[in-house]
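Protein chains: 4
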Amino acid sequence: MAGNSFGTLFKLTTYGESHGEAIGGIIEGCPAGLTLDIEAIQKEMQRRKPGQSKIVTQRKEEDEVLFLSGIFEGTTTGTPIGFQIKNTNQKSKDYSHNKSVYRPSHADFTYDKKFGMRDYRGGGRSSARETANWVVGGAIAKQLIKDIQVNAFVSSVGSIFVDKPYQELDLSKTENNAVRCPDEASAKKMETFIKQIKKQGDTVGGTITCVIQNMPIGLGEPVFDKLHARLGQSMLSINAVKGFEYGSGFCGAQMKGSEHNDLFNEDGTTKSNLSGGIQGGISNGMDIYFRVAFKPVATIMKNQTTIDSNGNPTEMQGKGRHDPCVVPRAVPIVEAMAAMVLADFYLINRASKI
Amino acid sequence: MAGNSFGTLFKLTTYGESHGEAIGGIIEGCPAGLTLDIEAIQKEMQRRKPGQSKIVTQRKEEDEVLFLSGIFEGTTTGTPIGFQIKNTNQKSKDYSHNKSVYRPSHADFTYDKKFGMRDYRGGGRSSARETANWVVGGAIAKQLIKDIQVNAFVSSVGSIFVDKPYQELDLSKTENNAVRCPDEASAKKMETFIKQIKKQGDTVGGTITCVIQNMPIGLGEPVFDKLHARLGQSMLSINAVKGFEYGSGFCGAQMKGSEHNDLFNEDGTTKSNLSGGIQGGISNGMDIYFRVAFKPVATIMKNQTTIDSNGNPTEMQGKGRHDPCVVPRAVPIVEAMAAMVLADFYLINRASKI
Amino acid sequence: MAGNSFGTLFKLTTYGESHGEAIGGIIEGCPAGLTLDIEAIQKEMQRRKPGQSKIVTQRKEEDEVLFLSGIFEGTTTGTPIGFQIKNTNQKSKDYSHNKSVYRPSHADFTYDKKFGMRDYRGGGRSSARETANWVVGGAIAKQLIKDIQVNAFVSSVGSIFVDKPYQELDLSKTENNAVRCPDEASAKKMETFIKQIKKQGDTVGGTITCVIQNMPIGLGEPVFDKLHARLGQSMLSINAVKGFEYGSGFCGAQMKGSEHNDLFNEDGTTKSNLSGGIQGGISNGMDIYFRVAFKPVATIMKNQTTIDSNGNPTEMQGKGRHDPCVVPRAVPIVEAMAAMVLADFYLINRASKI
Amino acid sequence: MAGNSFGTLFKLTTYGESHGEAIGGIIEGCPAGLTLDIEAIQKEMQRRKPGQSKIVTQRKEEDEVLFLSGIFEGTTTGTPIGFQIKNTNQKSKDYSHNKSVYRPSHADFTYDKKFGMRDYRGGGRSSARETANWVVGGAIAKQLIKDIQVNAFVSSVGSIFVDKPYQELDLSKTENNAVRCPDEASAKKMETFIKQIKKQGDTVGGTITCVIQNMPIGLGEPVFDKLHARLGQSMLSINAVKGFEYGSGFCGAQMKGSEHNDLFNEDGTTKSNLSGGIQGGISNGMDIYFRVAFKPVATIMKNQTTIDSNGNPTEMQGKGRHDPCVVPRAVPIVEAMAAMVLADFYLINRASKI
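Protein chains in written order, with this note's numbering: chain D, 8 to 361; chain H, 8 to 361; chain Z, 8 to 361; chain C, 8 to 361.
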């Protein structure tokens, strides 16, 4: 481990800085014989791509995935899938002002101290550009576990919350608006609010809810690789994430056992699902659902005091093109990470019984 | 990976079912030359042990740790530390009624389906008895990273919350009461409430807050082994945990960037600390703090409908001795897991620079 | 990794010094539903045990394996199998003379330098006592891959070689003599020679050949976990091993391609098998065979000059009870390591195709 | 693990087939602050490259390494180093005749059976082209452990052996001839023999000896990651390797303990070095030396009978441009793998003592 690999059997290893020549990765362990829908992969990339609407950053990146190995005549061969995404829109000069200045609530300071140096162009390795790699891994994972439905959506922006449970939402409508919220009324409010925040040169946080349906029973490897523990780790790997809860989550901590227990139906399903589809770290076949908290983007278009690498106070103002609210673009990233976790456990689970 | 190892260089691998002959584990990677305070380890075991007060389960377990290797004349040798904890209080007959019945919101059903069978005595591998192993690993980790202070405490039980920030609490008072809440007024309310819940044959959830002070800068391995992502995974490994948030957490998702950013002082510390001591997955030297949500214990002393392994409806009522609220005993477990994560990153970080 | 785990899905992690209270380990990843023949496991332990005949060390160790978890009513549960072997015959005083003296060609010097200290009692972690743990892992692996036959035997002692190819030997006769050589004429010579060497207070090396029959096609994970590369690593892990070759081995390096190539029969088997049952790191269904070289045991009953930990010259003579030739007792160890490699790849291979 | 990663802290993960668009890899764990000599890396690539002399294949590959990340202004940043090598000389048509025919002693059959399909163009993933990736990793490893000298050379071709011990050779002369043998007289004989073999349309095997000098004490992680066990695994990963021995190797198996033991000098060095610089899996500071056996290349320019994927007998003759003897080109590959093993243990060893 040096922190750039994710998964055990279905494993993604990545490289890349935001302003290097390219980012990319290697997907190991995808079984042979999977006929890939390359267009569907590229479509996931489009969902994550900057510049899709007025409420996201206007940087233009093509984000075309180039596959270099592991696929022969459209089908996986069982050998590692190498892929690459060019950094076509680097504009390094945009970032020269960051050379010796630590941006507040960014990773400039910590990378500098940990490694004794840093690639200061646009966040380098700490940039969310890296998540484009994850979407590639997730898109292939989705095709491997194609019977499982993984659907994420924006469930809050600032203090605007979707106040319906996911069962009352039509998740197929998530892509109908720029915010990626399937509840149209909420979506409108969110969009208006984000535009307003953007005009202020400010940013705002939000949450994403992810629902996993048609789950097989048995995925997850207790005691340290419980399904929800790996889902949690994967979500907390995403830039700007501050919290993760599944099933009843933090609300569950206020409940009584007699309220919280999910009683069984005769077919092994449960009448309620406060457990969130997981018992003892293993999927029980019910829907898995979890919620992820994203802090507001740290780069704001307002003046901020800070220090340079010598500890001298200075001032700075965000430049470049940044998202006023990251959650709409993070929806496909959440799905990608969840899909990779599921694909990995799906393969590992094949070794559970003789 | 088969899910029973935790960590990369400082690594704990465990075995054991609640009603087998013993549980135990192997700690790899503890550097040579650490003179161990065995009494301090045993003291941590006492903190987790059942039967310490009237608000926790009255099962009696000695939980004495027997070290079998890796320590010579009181000092670690750099070789793996094998240890064992006997299961002295097995009372298997207490659990015979579980043989073919799936307890609601327990792991009986999922283990049965995943493995085609299960050790039905008291939860088997899914029992929280396993966490005794983790406390051993954590107690040694604490001694390895002895300059770092790891302090957890109960921050809520049901709807009773400690309403002060941790900075206003005297964390040395945590052990002064049975609830392990350093705020005495809250502790009293919590204790009364738990007794009441117990009398009802019910259980209740709660949260634990953990504060890590005197942190070195530079721990954490982006992009997939970010410090908070591994902390999150470790906490979500603990039985009954439903959520994890660090720094501003879920509240941060409602804030604006201009409110949320932590501005620097000239010495590299920050004026605020909504980031929770971690930027880009790497510690920045400020306090780390996070909150963990525990659901109410599933075993209640009330009658519940359920099914047996053939899908026939039946009724059951909890027997044996169970905790009405798990958070007081989970405090040392939270600390142990956090300490192991820190010890692992502390060792890995030695390879960051040439 | 800290060097004490072996395998990926079928994984053994061990602990223990030769003169601690016990040695033991944890076997992760053994699938659920395997009904174990405990007697067969104990029988493998007997094969490795000291004191079986006059040509091996006369130390008495019971080497009884105590299983602590992972087995319920005789069947594996899919959870980790913890086990322990007591060190009943420690006699620490036998080794006190080693405290500050570095025995030639032992690991005293290197452990001392690497870790800054060492457990000097009988080799500590570097003792071949550790291999008792491996025999437990291997005995369970053998039962998991029960259709595959793994048979090792002594193929040379000093300059006495079995001069027949393995196909002409009756491998069921290996256990008929103390040397574990299925060729009776050679066995007799070897036994006489070892007795003579022992009388001289000296030791001698030898080789073990291992044959794996009834192999499934497809085991092995190129490019870094080729089947023969893992077999080689596993053999080189065994104390005193200096070399590994498979198929044509070092002889193959003198051959021409036209002589060495294995031509196919119509059923996919090959007419010759200089490849040793592996092509490109993957088993092809033919017999796997390999040869392992063991150096002579370093502890001799003769006077040797050496130095103490301060660099002062001194003299020493081996005490205690040691093997004059290690290969007879290493036969079950070779089989055990091979069986664990196969079991691991057998499980991993389940994820090769969709 | 899916077999495409090598190492723990200093870790190489690779992708690529011989006739895909590119091969490449990711090097994780190279510490920050290493100023790379890119030219030296490219020079190692030239050493491995086909077409360097008349006794190696005349395929032309540029093998220029393109670095994509992890290096900023010439210095490593501590983030993963992504790199790529284009396949400029693919000529896929050369291999179309292999589509349904299994080449004898190649991996066509085993890949087909394991994965249910294969990329039949030139060996796909099983091609030695992959080793170009390893040379990149090794070249960077060499710069990380720059005080350690890693020198390999051809020590035999067919039955022509260098009959001097390595101490009597001037290893700086290895590159003076096409065979990469520092003993000029032997080199001449080898070269003549290889030309002769080539004219016959045949191939021949050989051995490479590798010597590691100026070793620090303490590298290697017993009991399963002994230094020689990892060196062995790494060598057995190289295409066509059939055997590995270190120190006294297979000869040592014929010796007595009184002959084999390495007695100490007062400074901790040893008078002899039959141990090959490693005791108990840990380097002792003496020279490490080992020998690797390569079988003859399987592709010969002679007619051979074989079968197609339906089991029908057919005939085939090698086409394309292949090496008559692989050892000269394998010299830099042996060095690269050894260097990566050493770099990994060098970093891991930093965590050995408190």
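Watch out, some of these pointers could steer you wrong.
The list cannot tell twin chains apart, which means a pair is met if one copy fits it or any two copies do.
Said to hold, decoys possible - Pairs of lysine-lysine, DSS-like flavour, derived with a Cα cap of 30 Å:
(1) Lys278 / Lys205
(2) Lys93 / Lys278
(3) Lys93 / Lys50
(4) Lys360 / Lys61
(5) Lys206 / Lys326
Calculated from the structure, these hints are not laboratory results.
Owing to the predicted nature of the structure, the values given are computational and were not obtained by experimental measurement.
Violated hints - listed by number, lowest first: 2, 4
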